[in-house]
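Undergrad: Here is how the chains run, residue by residue.
Protein chains: 2
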Amino acid sequence: MSRLAGHCVVAQSGGPTAVINASVCGVIQTALKHPEVFTGVYGANHGILGVLNEDLFDLGKEDRAVIDALKRTPSSALGTCRYKLKSIEKSRVDYERIVKVFKTHDIRYFFYAGGNDSMDTADKISQLAGQMGYDLVAIGVPKTIDNDLPMTDHCPGFGSAAKYAATSVMEAGRDTEAISAKKDYSAIVEIMGRHAGWLAAATGTAHRDEKDAPHLVYLPEVAFSIERFIADVRDVIRQVGFCVIAVGEGIRDDKGKLLAEVGGQFAKDAFGHTQLGGASETLREIVENEVGIKCRTIKLGNCQRQAMHFASLTDVNEAWQCGAAAVEAALAGHNCKMVTLVRGGNGPEDYSCSTGLADLSSVANHEKLVPRSFINQTGNHITQAMRDYVMPLMRGQAPIDIGPDGLPIYPRLRGFAIPKKVT
Amino acid sequence: MSRLAGHCVVAQSGGPTAVINASVCGVIQTALKHPEVFTGVYGANHGILGVLNEDLFDLGKEDRAVIDALKRTPSSALGTCRYKLKSIEKSRVDYERIVKVFKTHDIRYFFYAGGNDSMDTADKISQLAGQMGYDLVAIGVPKTIDNDLPMTDHCPGFGSAAKYAATSVMEAGRDTEAISAKKDYSAIVEIMGRHAGWLAAATGTAHRDEKDAPHLVYLPEVAFSIERFIADVRDVIRQVGFCVIAVGEGIRDDKGKLLAEVGGQFAKDAFGHTQLGGASETLREIVENEVGIKCRTIKLGNCQRQAMHFASLTDVNEAWQCGAAAVEAALAGHNCKMVTLVRGGNGPEDYSCSTGLADLSSVANHEKLVPRSFINQTGNHITQAMRDYVMPLMRGQAPIDIGPDGLPIYPRLRGFAIPKKVT
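Taken in sequence, the protein lines are chains P and D. Under our numbering, the first residue of the first sequence is numbered 74, with each subsequent residue one higher. Under our numbering, the first residue of the second sequence is numbered 74, with each subsequent residue one higher.
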């Protein structure tokens with residue numbers, strides 16, 4: 074290799090997942106194999122904020138067993154953030170500060186695991202560094218349970234969240250079935266997904282036969298009709314005797330108004346995103362008042378992105394591969410790319426997956442929604458195409474370490490701080 | 074054996090659990106070994122309602138592999154109910170109808186898996202049958218994730234729910250820790266338990282070190298003080314930088330008023346129980362308004378009693394043993410008894426468990442609360458005594474069958490209906 078030698082830094086951004094640490098593990102383990110290029114392997118504390126604050130760790134000093142255990146540890150071990158950098162013009166002070174920190178610490182490689190905002194950040198940092206005469210390689214590692222990144226077949230984090238959410242809906246279905254002694258019981262499980270309904274759609278796979286939940290699946294991609302919904306629930310109750318509904322939190326009516334805002338509570342988080350959580354409450358009221366049956370709601374909340382205890386081995390392995398591929402891309406001389414997952418094989422029984430690369434700029438600020446062909450004509454469930462897409466991603470049980478108390482062991486990094494040098 | 078020969082019927086009652094089917098499996102598999110006594114092995118559809126409605130299955134006709142898979146299938150495969158029989162005087166028509174159905178079908182043994190209401194029902198049925206000159210043996214099998222039955226060291230269903238809830242709190246903790254870039258993030262996980270806080274207390278075991286969630290645990294057993302709560306959260310934020318709180322849904326203030334009623338929404342279910350779910354919302358408002366930090370809520374809902382995908386092997390095995398022991402008790406000539414779990418060994422590392430028997434009347438309508446010695450002095454976390462109690466119950470990973478889609482396979486009984494004979 075005749076690559077420019079320098080330190081590399083890896084950071085995590087956005088909502089944590091069960092496997093984003095596996096990606097970081099892939100970055101660290103691969104980078105440590107190439108000390109001739111990566112003279113140091115650093116982590117940034119809480120994403121780009123860690124760079125801005127010059128809050129860096131020396132990951133090379135960590136116990137190698139703990140690094141390896143990142144494959145079996147959920148959430149963002151380096152800490153995450155939702156700090157959004159704007160355009161270079163508007164956030165110039167931040168960008169210049171970042172480049173200064175990189176320069177001061179001889180950091181030449183930046184690996185950023187995150188969603189589309191993070192890809193935009195990584196792209197702009199590399200661009201500005203170049204303009205400032207400092208060679209900085211930025212490679213993105215895809216991450217999101219929402220599965221809404223373009224250019225990649227799917228996103229690490231999605232398969233595990235899908236497996237957990239689908240299983241939870243399946244189990245909630247068995248509960249509702251068992252307690253429906255006098256028939257007419259229903260439950261609504263609210264699934265994460267503000268704009269893209271991938272995760273809610275994935276729960277549809279649990280519906281293997283007529284009795285299996287979810288009987289109805291509603292996604293943000295299809296305008297939600299309250300009248301149609303009432304008719305749907307009545308149909309299921311008549312045919313099955315009980316009804317379990319999976320609903321994406323971001324479902325909207327035909328005017329684009331969030332169902333969460335129609336009836337339930339909602340709020341904005343510190344990042345300005347609408348903090349959803351009311352769609353299921355709105356629907357519960359409709360079911361109880363209009364259909365006249367009892368209805369329970371389940372909101373798995375952040376558990377959906379953390380359930381390492383039932384994560385997909387396929388997902389863990391692919392997440393690791395994405396991290397490794399990011400480092401390999403840098404070694405091969407690429408810059409401003411995001412690693413992508415490329416599906417091979419013919420259909421779900423013949424699934425294979427390799428990695429590719431896409432321009433960061435082609436990923437940044439775009440969202441991939443569930444295609445209409447993955448949703449049935451009535452708009453209340455998924456099609457076989459969606460099943461074929463998601464099934465292979467949920468396969469395999471990711472191993473975890475278990476303590477004498479029967480609970481998982483999720484180690485933490487020690488976080489060996491790099492002394493600050495920037496004034 | 075010189076026992077009275079006749080059919081036996083097994084039924085399930087109350088909230089389903091991950092392991093109540095394992096108990097039914099224990100009953101069926103053991104009863105089928107003794108055809109000289111149990112001339113038929115029946116199931117009642119939806120608990121005592123199935124008897125009242127003469128809605129019975131012939132379990133002897135089921136595929137033996139499916140019977141065995143009940144150990145790996147959550148919820149109540151026979152269906153459950155919350156139909157509460159009152160005193161013999163007040164519900165005489167029901168009781169007489171039940172005895173009539175039993176008599177007509179030559180049912181001499183009734184195995185009822187459920188909580189304390191169910192034990193009361195089983196006790197009264199046997200008594201009334203005796204008064205009517207019909208020998209009927211009633212044996213109860215303990216079941217409840219709430220762990221609130223007296224006379225038994227613990228209840229089948231609790232260990233698995235504890236394992237899942239503790240793990241979910243642990244994982245929610247990692248999420249909160251990772252996203253707390255600017256510090257001051259908090260989350261509240263609301264745990265089932267109207268009167269007894271066993272399950273919320275069990276989540277306390279996930280707090281292995283200072284950073285580990287839950288940092289605070291509040292139970293219905295200790296009067297809740299809003300002032301103390303605010304001070305507790307501030308302390309944790311100061312020391313740890315973020316705060317995850319586990320709270321039993323039934324927490325009450327010093328006047329006995331449910332926190333769920335102080336601020337959040339609540340309702341009554343069809344059974345007359347207050348349908349809680351608002352405690353976490355009430356506390357969230359307090360945290361956001363009084364402590365001034367962002368707070369998320371997680372309500373696992375019915376998932377807590379269904380999470381076969383991460384159930385305790387100890388719990389599954391003990392649930393099966395309770396079912397088997399119920400049949401053995403009947404064979405040994407006992408009547409009006411509930412099987413109990415008797416803890417052996419010295420401490421959690423030396424745990425063993427056998428079964429015993431207690432009078433149904435001593436179990437019926439009593440609740441066992443978390444003892445004060447299991448709760449710390451401040452009333453905001455658990456003690457080592459609680460850890461020692463619950464840890465062995467969560468041990469071992471219960472096996473499940475997994476389909477090609479990566480999701481669990483939970484079979485259903487076919488339900489071979491017994492022709493109705495009662496007019």
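Calculated from the structure, these hints are not laboratory results. Predicted model, so just to flag it, every value in this text is computed and none were measured. A hint or two may mislead.
For chains that are exact copies, the list does not tell them apart, and a pair is met inside one copy or across any two.
Capping the alpha-carbon separation at 25 Å, the derived lysine-lysine pairs in DSS-like fashion look like this [as the list claims (entries may be wrong)]:
1. K163 x K284
2. K106 x K255
3. K134 x K176
4. K328 x K255
5. K367 x K157
6. K176 x K330
7. K159 x K173
8. K173 x K493
9. K163 x K106
10. K367 x K134
11. K163 x K367
12. K134 x K284
13. K441 x K255
14. K255 x K159
Undergrad: Against each hint, give a clear statement of whether it holds in the structure.
TA: Against the structure, the hints:
no.	hint	result
1	K163 x K284	neither (55 Å within a copy, 37 Å between copies)
2	K106 x K255	neither (63 Å within a copy, 34 Å between copies)
3	K134 x K176	within (22 Å within a copy, 75 Å between copies)
4	K328 x K255	neither (37 Å within a copy, 36 Å between copies)
5	K367 x K157	between (43 Å within a copy, 19 Å between copies)
6	K176 x K330	neither (47 Å within a copy, 60 Å between copies)
7	K159 x K173	within (18 Å within a copy, 77 Å between copies)
8	K173 x K493	within (12 Å within a copy, 83 Å between copies)
9	K163 x K106	neither (39 Å within a copy, 78 Å between copies)
10	K367 x K134	neither (56 Å within a copy, 34 Å between copies)
11	K163 x K367	neither (52 Å within a copy, 27 Å between copies)
12	K134 x K284	between (53 Å within a copy, 22 Å between copies)
13	K441 x K255	neither (43 Å within a copy, 30 Å between copies)
14	K255 x K159	between (56 Å within a copy, 19 Å between copies)
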